[in-house]
Amino acid sequence: MTQQEQTLSDRVSNILDLIRPAVQSDGGDIELVDVTDEGVVHIRLHGACVGCPSSTMTLRVGIEKNLKDNIPEVTGVVALED
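Just so we're aligned: the sequence shown equals residues 1 to 82 in the numbering used here.
What the hints contain is simulated information worked out from the structure, not anything from laboratory work.
Here are the simulated distance ranges between beta carbons:
| hint | residue 1 | residue 2 | range |
| --- | --- | --- | --- |
| 1 | T36 | N14 | 16 to 24 Å |
| 2 | G27 | P72 | 26 to 34 Å |
| 3 | V61 | L32 | 14 to 22 Å |
| 4 | S25 | K65 | 13 to 21 Å |
Positions of the beta carbon are idealized from the N, C-alpha and C atoms, including for glycine.
Starting from the given sequences, assemble the full structure and let the hints guide the process.
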């Protein structure tokens, strides 16, 4: 399947799968909740990421930057809380 044939959600999921091991190595995890038609990615952080002071940095520098660099349609990332 070519990149054009994959849905935006599939492409986001693939990038998150590449990022996930680094997050898991710190005791956390990332769940893809939704990708809106406007390109906003909704994720949920789990484990050690919940309440961690570094989670905002992880979200912006680690997750959002990687997604935007690799998928131009991504306009932002929002971390949802339980």
